[in-house]
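Going line by line, the protein sequences match chains A and B. Note that my numbering has the first sequence beginning at 1, numbered continuously upward. Note that my numbering has the second sequence beginning at 1, numbered continuously upward.
FYI, nobody ran anything at the bench for these hints, they're computed from the structure. It should be emphasised that the depicted structure is a prediction, and the values quoted were computed from it without experimental measurement. Be careful, since some hints might not be right.
Stated by the list, open to error - Here are some, though not all, of the chain A residues that point toward chain B, as calculated from beta-carbon distances under 10 Å:
{"no.": "1", "residue": "Asn55"}
{"no.": "2", "residue": "Thr196"}
{"no.": "3", "residue": "Gly274"}
We put the beta carbon where it would ideally sit given N, CA and C, even for glycine.
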Amino acid sequence: MSSPATATRPSRISRVLMKLDWRSNIIYIAFVVVFVLFAIFLAGDGFLSPNNMLNIVRQTATISIMAVAMTFVIAAAEIDLSVGSVAGLASVVTAMTTAQFGLVPGILAGLLSGAVIGAVNGGLVALLKIPSFLVTLGMLGLAAGLAQWITASAPQPISDRLYVLIFGGGDFGPVPGLLVWTVVAVVVGWIVMNRTGFGRKVLATGGNPTAAAYTGINTARIKFTVLLISAMAAALAGMLYAGRLESGRFQWGQGDELTVIAAVILGGTSLFGGRGAIIGTLFGSLFMGLVNNGLILAGLDVAQQQVVRGAIIIAAVALSRKR
Amino acid sequence: MDDKALTTPVVRMRQIVKSFGPVEVLKSVDMDIVAAEVHALAGENGAGKSTLMKVLQGVHPITSGTIEVNGETVDIRNTADAERAGIGMVFQEFSLIPSMTVAQNIFLNREIRGAGGLIDDRAAERSAKRLFDELGVRIDPSARMEDLGTAYWQLVEIAKALAKNARVLVMDEPTASLAKHEVENLFELIRTLKSRGIAIVYISHRMDEIRRIADRITVLRDGRVVLASPITDVTAAEIIEAIIGRRLASDLVYQDRGLDPAAPVLLEAKDIASSNVLESVSLTIRAGEIVGLAGLMGSGRTEFARVVAGMDRPTKGTLSIDGKPVHFTAPLAAQRAGVALIPEDRRDQGLVLEHSVSDNLTLPVLDRVKSGALLSPRKLRDLTEHLVSRFAVKVADPYAPVNRLSGGNQQKVVVAKWVNTDPRILLMDEPTAGVDIGTKTEILDIVRDFASQGNGVLFISSELPELLAVADRIIVMREGRSYRELVRADVESEEQLQLIIQGEAA
Chain A
1 MSSPATATRP SRISRVLMKL DWRSNIIYIA FVVVFVLFAI FLAGDGFLSP
51 NNMLNIVRQT ATISIMAVAM TFVIAAAEID LSVGSVAGLA SVVTAMTTAQ
101 FGLVPGILAG LLSGAVIGAV NGGLVALLKI PSFLVTLGML GLAAGLAQWI
151 TASAPQPISD RLYVLIFGGG DFGPVPGLLV WTVVAVVVGW IVMNRTGFGR
201 KVLATGGNPT AAAYTGINTA RIKFTVLLIS AMAAALAGML YAGRLESGRF
251 QWGQGDELTV IAAVILGGTS LFGGRGAIIG TLFGSLFMGL VNNGLILAGL
301 DVAQQQVVRG AIIIAAVALS RKR
Chain B
1 MDDKALTTPV VRMRQIVKSF GPVEVLKSVD MDIVAAEVHA LAGENGAGKS
51 TLMKVLQGVH PITSGTIEVN GETVDIRNTA DAERAGIGMV FQEFSLIPSM
101 TVAQNIFLNR EIRGAGGLID DRAAERSAKR LFDELGVRID PSARMEDLGT
151 AYWQLVEIAK ALAKNARVLV MDEPTASLAK HEVENLFELI RTLKSRGIAI
201 VYISHRMDEI RRIADRITVL RDGRVVLASP ITDVTAAEII EAIIGRRLAS
251 DLVYQDRGLD PAAPVLLEAK DIASSNVLES VSLTIRAGEI VGLAGLMGSG
301 RTEFARVVAG MDRPTKGTLS IDGKPVHFTA PLAAQRAGVA LIPEDRRDQG
351 LVLEHSVSDN LTLPVLDRVK SGALLSPRKL RDLTEHLVSR FAVKVADPYA
401 PVNRLSGGNQ QKVVVAKWVN TDPRILLMDE PTAGVDIGTK TEILDIVRDF
451 ASQGNGVLFI SSELPELLAV ADRIIVMREG RSYRELVRAD VESEEQLQLI
501 IQGEAA
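Take these sequences, add in the hints, and give me the full structure.
So this is what it looks like as structure tokens:
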């Protein structure tokens with residue numbers, strides 16, 4: 001059979017390119033491309049200085065931690081829109097409690113606020129079967145309002161030096177504490193996602209809930225747990241905001257949910273569930289920080305930054321579509 | 001045979017009753033499943049086969065009755081109970097996670113642990129490899145499910161059940177989506193499983209398969225056992241009679257509808273090729289004619305239908321309707337030219353499952369049920385009632401979701417939906433797959449009626465008896481080419497057609 005098919009068989013290079021999984025690797029390509037572009041065009045603005053590099057890491061730590069948790073939520077085919085507000089709420093709760101009762105109660109209160117909200121989110125989704133989109137959309141407003149209400153819109157300063165040292169302000173020699181937090185979150189997240197039964201159950205629940213249930217997986221419990229983890233991670237992020245900025249404010253974390261979700265999707269996690277790329281998420285988050293940083297150095301004003309950021313997200317997500 | 005019948009069955013079900021609310025779906029069913037035997041379970045859709053197996057699988061707990069496994073009464077209330085009892089299920093709608101690998105699926109929720117209690121995927125892959133080697137199948141355990149074809153999904157399902165030490169394997173329509181040679185591989189595997197003492201419950205509509213592979217048959221009708229016998233003691237006619245409960249008239253027999261050989265040509269395809277499978281397909285369909293398209297899976301039948309329906313574009317050749325060349329750029333263009341396609345997979349491509357029967361039926365013709373700019377509830381209702389009665393869709397409530405209907409009735413909804421758009425050329429891709437015999441004959445009647453009104457039908461089917469019953473001419477496809485054309489009268493037997501499809505006859 002000397003069919004014309006043999007003549008039109010794709011060349012070796014194009015076959016290699018076709019085999020390459022664009023969807024899961026686009027983030028690394030985008031990261032490198034944008035990094036190189038900024039390095040060339042913003043070299044004079046100090047883009048490549050070690051200080052600026054560490055700044056990017058510091059500024060993205062909160063996003064990275066929330067995004068690692070969000071990867072589990074999205075891999076389970078759920079969504080959590082309340083993370084930004086929960087971060088703001090936890091920042092004021094932890095600041096107020098620390099001021100009143102001291103360090104340890106402050107830390108516990110911050111985490112507890114996340115746990116309570118996560119349990120409410122998870123309970124409504126898992127037990128009452130309300131879509132997580134709606135539950136967490138409601139919680140977004142509820143938590144933000146609560147944070148503003150209990151503080152009467154006033155910033156809550158943190159004077160406890162140890163708190164500031166642990167949560168964000170401190171450095172370990174040349175290594176910023178926030179970098180340590182990020183690395184710990186990513187490493188733990190990677191192991192749990194890829195090497196534990198829980199991670200496998202999350203992926204199965206998102207990949208095919210019916211099949212997961214038939215296999216004996218309690219999908220309701222999985223949904224509850226991922227939303228609990230997400231809210232606790234958001235609370236931790238809020239506490240890191242409070243540490244880095246030495247105060248709790250209801251505005252901390254506002255709008256972060258979109259950045260977090262964008263970082264996860266850019267990283268190659270499927271919005272339809274069943275796939276969760278923790279390392280991709282980290283780079284998605286760093287990419288968002290990189291873009292922010294570069295646009296500020298380039299002298300764009302806030303409105304312009306938003307336009308460019310939005311365009312970049314759309315372009316990257318469009319490129320990461322399968323076929 | 002007699003010796004085996006005397007041994008204790010692996011599973012003994014007695015007086016099984018299952019009710020959903022007031023509806024009694026199973027009415028005192030007895031069934032014995034014997035080790036190292038293939039036990040066929042047959043019956044029309046809605047007869048209770050699936051419910052009986054779901055009871056055994058622990059998806060639905062029984063209302064009353066007893067289930068014994070190896071002589072001991074067991075209480076199966078969930079899938080974990082069934083698993084412990086050694087009952088495995090190969091689902092018709094597969095229960096695997098597409099984004100995971102073969103090995104990850106086989107050991108899902110029972111993962112093999114390595115150092116520090118962490119999951120060891122490599123060990124799982126090695127175990128899966130050993131399992132496949134024993135079964136004599138070749139699958140890469142590290143491949144992702146979504147990259148594998150349907151036949152592999154089934155093998156992985158079987159392997160998953162066996163990895164859980166299943167002694168009874170329930171297969172629901174296992175050949176529904178397999179090509180001929182894949183069916184042979186499956187049968188070979190079933191024989192291997194039998195030799196290892198595993199009992200198989202084989203649910204199927206296909207009589208030839210049941211007669212080939214089964215040792216014993218139980219037929220259900222309306223939730224009761226109407227036939228239970230070793231397969232050698234019954235004829236195919238007796239089985240079919242038990243299934244449908246009335247004598248088959250001449251339903252699966254070709255009916256000469258008095259075709260006009262000089263009728264105008266509706267559709268002409270000349271030397272059609274496409275970028276995927278098609279190399280050269282030529283055929284004509286005249287007004288009033290039903291043209292059957294036969295061939296193996298992968299021979300290009302579906303791909304050809306997609307080209308005619310405007311979903312894919314030909315790279316070569318011409319397509320003419322009423323003698324005028326057409327170049328469809330989109331399915332809508334084909335629809336405007338009077339071409340309708342009833343796709344192969346009704347659940348994925350033919351229906352919006354969560355929507356009501358009424359919504360599904362009226363979706364392509366919303367323009368007809370408007371008054372002014374708005375949809376008219378009265379016109380919607382009238383049209384729905386008209387279609388439901390014209391096509392005899394058995395539906396309690398046309399406003400309930402279509403996924404509550406049986407498979408056969410869902411397919412009738414799909415057929416009704418498209419015939420009602422008044423196409424002149426209807427393309428049907430495996431329109432009776434997974435449909436019971438009663439509904440099948442009704443669908444064939446609808447097709448004949450439709451063609452007799454001066455329309456053309458392209459009928460794609462892998463089931464030769466129905467192809468021979470309905471087609472006036474048969475085009476056999478092979479490797480992307482239209483390879484033989486047979487006038488119905490020239491085909492002597494199913495075997496002869498099968499040989500031509502297989503490419504064994506000159």
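Consistency of the hints with the structure:
1. Asn55: violated, 35 Å
2. Thr196: Where the cut-off is 10 Å and the nearest Cβ of chain B is about 6 Å from Thr196 (chain A), the hint holds.
3. Gly274: At 4 Å from the nearest chain B Cβ, Gly274 (chain A) passes the 10 Å test, so the hint holds.
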